[in-house]
Amino acid sequence: MSSTETPPPNLYAAREPIFPKRVSGRFRNLKWLIMLVTLGIYYVTPWLRWDRGPGLPDQAVLVDLANRRFFFFWIEIWPHEFYFVAGLLIMAGLGLFLFTSALGRVWCGYTCPQTVWTDLFILVERWIEGDRNARIRLLRQKWDARKARLRITKWVVWMLIAVATGGAWVFYFADAPTLLVDLVTFNAHPVAYSTVALLTATTFVFGGLMREQVCIYACPWPRIQAAMMDEDTITVAYRSWRGEPRGKHRRQHEKVAAETRTATAGGQATAPTDLGDCIDCNACVNVCPMGIDIRDGQQLECITCALCIDACDEIMDKIGKPRGLISYMALTDEEHERSGEPKIPVWKHIFRARTILYTVLWAAVGVGLMVALFIRPDLSITVAPVRNPVFITLSDGTIRNTYDVRLRNKYGEDRPYEITITSDAMLSVEAEGSDDGLVMVPADSTKLQRVYVMAPPDSAAASRAVTDLQIWVEDTISGERAVKDTVFNGKAD
Amino acid sequence: MSDNTDKVKPVDRKVPDAQAHLDNVPTTGHSWDGIEEYDNPMPRWWLYTFYACIVWGIGYTIAFPAWPMISGATSGILGYSTRGELAQELDAAQAANAAINEQLVSVAITDVADDPTLQQYAVNKGAAVYRTHCSQCHGSGAAGAVGFPNLLDDAWLWGGTADAIQYTVMHGIRNEDDPDARYSEMPVFGEILSEEEIEQVAHYVYTINGRDAIDPELAQLGAETFQYECAACHMEDGSGNVDMGAPALNDAIWLYGGDLATIIETVTYSRYGVMPNMGARLTDAEVAAVATYVHGLGGGVTESE
Numbered sequence: 043m044s045s046t047e048t049p050p051p052n053l054y055a056a057r058e059p060i061f062p063k064r065v066s067g068r069f070r071n072l073k074w075l076i077m078l079v080t081l082g083i084y085y086v087t088p089w090l091r092w093d094r095g096p097g098l099p100d101q102a103v104l105v106d107l108a109n110r111r112f113f114f115f116w117i118e119i120w121p122h123e124f125y126f127v128a129g130l131l132i133m134a135g136l137g138l139f140l141f142t143s144a145l146g147r148v149w150c151g152y153t154c155p156q157t158v159w160t161d162l163f164i165l166v167e168r169w170i171e172g173d174r175n176a177r178i179r180l181l182r183q184k185w186d187a188r189k190a191r192l193r194i195t196k197w198v199v200w201m202l203i204a205v206a207t208g209g210a211w212v213f214y215f216a217d218a219p220t221l222l223v224d225l226v227t228f229n230a231h232p233v234a235y236s237t238v239a240l241l242t243a244t245t246f247v248f249g250g251l252m253r254e255q256v257c258i259y260a261c262p263w264p265r266i267q268a269a270m271m272d273e274d275t276i277t278v279a280y281r282s283w284r285g286e287p288r289g290k291h292r293r294q295h296e297k298v299a300a301e302t303r304t305a306t307a308g309g310q311a312t313a314p315t316d317l318g319d320c321i322d323c324n325a326c327v328n329v330c331p332m333g334i335d336i337r338d339g340q341q342l343e344c345i346t347c348a349l350c351i352d353a354c355d356e357i358m359d360k361i362g363k364p365r366g367l368i369s370y371m372a373l374t375d376e377e378h379e380r381s382g383e384p385k386i387p388v389w390k391h392i393f394r395a396r397t398i399l400y401t402v403l404w405a406a407v408g409v410g411l412m413v414a415l416f417i418r419p420d421l422s423i424t425v426a427p428v429r430n431p432v433f434i435t436l437s438d439g440t441i442r443n444t445y446d447v448r449l450r451n452k453y454g455e456d457r458p459y460e461i462t463i464t465s466d467a468m469l470s471v472e473a474e475g476s477d478d479g480l481v482m483v484p485a486d487s488t489k490l491q492r493v494y495v496m497a498p499p500d501s502a503a504a505s506r507a508v509t510d511l512q513i514w515v516e517d518t519i520s521g522e523r524a525v526k527d528t529v530f531n532g533k534a535d
Numbered sequence: 097m098s099d100n101t102d103k104v105k106p107v108d109r110k111v112p113d114a115q116a117h118l119d120n121v122p123t124t125g126h127s128w129d130g131i132e133e134y135d136n137p138m139p140r141w142w143l144y145t146f147y148a149c150i151v152w153g154i155g156y157t158i159a160f161p162a163w164p165m166i167s168g169a170t171s172g173i174l175g176y177s178t179r180g181e182l183a184q185e186l187d188a189a190q191a192a193n194a195a196i197n198e199q200l201v202s203v204a205i206t207d208v209a210d211d212p213t214l215q216q217y218a219v220n221k222g223a224a225v226y227r228t229h230c231s232q233c234h235g236s237g238a239a240g241a242v243g244f245p246n247l248l249d250d251a252w253l254w255g256g257t258a259d260a261i262q263y264t265v266m267h268g269i270r271n272e273d274d275p276d277a278r279y280s281e282m283p284v285f286g287e288i289l290s291e292e293e294i295e296q297v298a299h300y301v302y303t304i305n306g307r308d309a310i311d312p313e314l315a316q317l318g319a320e321t322f323q324y325e326c327a328a329c330h331m332e333d334g335s336g337n338v339d340m341g342a343p344a345l346n347d348a349i350w351l352y353g354g355d356l357a358t359i360i361e362t363v364t365y366s367r368y369g370v371m372p373n374m375g376a377r378l379t380d381a382e383v384a385a386v387a388t389y390v391h392g393l394g395g396g397v398t399e400s401e
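Residue numbers (the working numbering), protein chains in the order written: chain L, 43 to 535; chain D, 97 to 401.
Quick caveat, the hints were computed from the structure, so don't treat them as lab data. Check before you lean on any hint, since a few could be wrong.
[Claimed, not checked] Partial chain L-side listing against chain D, Cβ under 8 Å, derived:
| # | residue |
| --- | --- |
| 1 | Leu-107 |
| 2 | Arg-110 |
| 3 | Phe-112 |
| 4 | Asn-430 |
| 5 | Gly-475 |
| 6 | Pro-484 |
| 7 | Thr-488 |
| 8 | Arg-492 |
| 9 | Tyr-494 |
For glycine and all other residues, C-beta sits at the position ideal for the given N, C-alpha and C.
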């Protein structure tokens with residue numbers, strides 16, 4: 043390398059400030075609606091009540107980490123049913139595959155919390171500081187009282203949103219009304235405050251300050267999703283074959299062309315009228331929250347929020363050209379449109395082997411989970427034969443086996459459970475600490491109960507190696523029963 | 097110009113696309129099978145984050161143990177150590193359990209079962225104490241071994257009520273450290289009876305729990321000796337005496353073995369099983385807990401029985 047060559051490139055680049063311009067249109071309206079619904083769900087859910095009877099929480103959605111319970115309306119998940127959560131995560135993954143292969147980065151553009159909150163923060167920014175041009179002026183001008191007032195107002199409103207966001211999160215993990223009172227009276231657990239503080243900070247920094255930087259540099263999804271898209275995926279694209287060459291001076295060209303036409307009295311126009319439909323007004327660039335130019339083609343930075351479609355459609359309406367210079371389309375559409383072949387209908391892009399397979403897998407997991415949920419017994423037990431030792435001899439020669447039976451009482455009251463056995467052999471059963479085979483399990487908890495099964499001296503079961511038996515547990519109040527197959531070990535090897 | 101080119105715009109027009117944009121970005125100069133690597137600049141905030149991490153790292157190594165030295169490592173100005181943290185956590189756990197431990201000591205052990213919370217605490221605590229202090233002799237599953245009683249069955253040398261178990265754990269058996277240790281001593285009958293008499297009495301003892309005599313004649317002869325020499329402690333019917341730690345001979349359980357040779361050995365040389373006074377090693381709460389645990393293993397006797 044010598045100094046005569048080109049200077050080395052900058053190793054680090056400052057963030058280019060982005061001032062998304064206000065836009066209106068159908069995708070903007072859709073995004074407002076989705077923002078309203080998703081934020082509404084997020085903020086309101088912890089406050090919904092659901093009566094589960096005495097002794098159990100009445101919060102509709104509650105992740106009770108301390109007691110290891112997850113409540114979702116009528117569904118209650120205990121730790122041994124964690125596979126439901128695993129199943130939901132698998133469904134979320136398959137769902138992302140499905141939507142990405144069909145509709146590109148639709149998650150990024152519409153429902154990702156980063157996008158939704160950034161959208162909200164930009165809304166606040168625009169409301170306080172004005173639209174794009176006003177914000178650019180504000181950035182460039184010297185600090186004065188007005189600039190300070192606007193900036194501080196914006197930061198305060200952002201901070202309020204951030205606190206509300208971080209604050210709402212903790213309500214999912216404890217009784218919301220109680221926790222709110224605790225939080226404002228400074229009686230809540232330090233973990234609650236630190237969680238609120240952390241999520242407030244991340245909301246403020248990610249939504250207010252970092253915005254597109256999170257998507258471009260911090261988030262793995264753009265890379266992964268790019269790998270899941272193909273030429274049939276519907277995504278936001280610019281019809282360069284229709285728009286190019288772009289030019290601002292269309293009116294002048296057309297005027298010249300018209301004059302020329304008049305002058306030559308119906309003769310062929312010779313003026314340069316071969317400009318494309320793009321008038322290079324930069325409306326699509328100005329509204330982009332990622333600060334990119336969709337006309338450069340597919341880019342990693344594009345979250346497919348579709349605001350450029352709204353912006354361009356508005357311009358096309360004004361200049362009397364058909365909409366759709368920028369629109370949702372598949373990459374294969376380009377070939378067809380360039381060659382003038384009939385377009386492939388959208389449904390053919392969406393319904394392909396790949397998306398159908400994802401849908402089938404997604405639905406299979408979902409149906410499996412639903413079935414598992416509905417056939418899930420309210421009463422479930424586990425039986426673990428004690429193997430150390432496998433049997434003991436009592437003083438009268440009786441052979442005894444021990445079983446650790448875990449009983450789960452999902453009700454909000456103490457309940458007696460009756461333990462019985464069935465077997466072809468002559469066996470009897472006892473429960474530790476119980477004279478009548480009834481075992482009290484405290485409300486909403488599990489109990490590890492030692493259960494003894496005895497075979498009389500010199501009986502068949504006592505002499506044999508193994509004898510099959512079933513341990514039954516009955517909820518004596520509801521009458522529900524649960525059974526587990528297990529074995530009785532006798533003296534023979 | 098053909099009709100086709102009228103309809104479709106010529107392809108050779110300059111179309112600003114991603115490729116054109118990226119052509120301006122320098123590459124690193126590396127090329128693998130024609131694949132080149134763009135040399136895009138890093139975001140500057142990333143650089144500042146990196147610097148912040150370096151500053152944090154320096155501060156961390158000053159505050160916490162970090163740099164390895166010849167013996168040990170720098171201790172850090174905060175004085176943190178994992179061992180110290182463990183000690184703190186143990187102290188905190190002790191402090192948190194202080195109230196229930198006190199309750200465990202103050203409540204009569206036979207009443208522990210009346211309070212489910214206390215009972216569960218005692219069983220869990222007792223299980224931990226058992227694994228640490230008892231399992232060496234009595235086995236991890238409490239099934240015992242030859243000479244070390246099985247704690248799961250219903251045969252108890254010194255009583256199977258919760259308070260009897262608690263006393264045994266506290267003071268031990270036949271040890272010389274605790275004057276209150278349970279004590280009894282079977283005579284060495286090899287010095288008292290003739291070998292012939294010992295054989296006869298062993299033949300009799302073999303039959304007490306209902307087994308058929310190996311030699312009915314010898315057993316018959318041994319019965320008389322048994323009444324003179326053995327019944328004082330083991331009772332006439334061989335049911336034993338819990339107050340003296342005299343094992344029942346009429347059941348199916350043999351601590352040292354129930355075959356004839358072992359019985360002869362036991363009678364000739366006697367047995368002298370020793371258990372340490374665990375009260376010297378355990379807190380009162382731990383003794384109560386392990387007694388509750390052992391009582392709940394399946395052999396525990398309640399007062400009413």
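Against the structure, the hints come out as follows:
no., hint, verdict
1, Leu-107, "violated (19 Å)"
2, Arg-110, "violated (17 Å)"
3, Phe-112, "violated (24 Å)"
4, Asn-430, "holds (3 Å)"
5, Gly-475, "holds (6 Å)"
6, Pro-484, "holds (6 Å)"
7, Thr-488, "violated (11 Å)"
8, Arg-492, "holds (7 Å)"
9, Tyr-494, "holds (6 Å)"
Violated hints, listed in ascending order, are 1, 2, 3, 7; each of the other numbered hints is respected by the structure.
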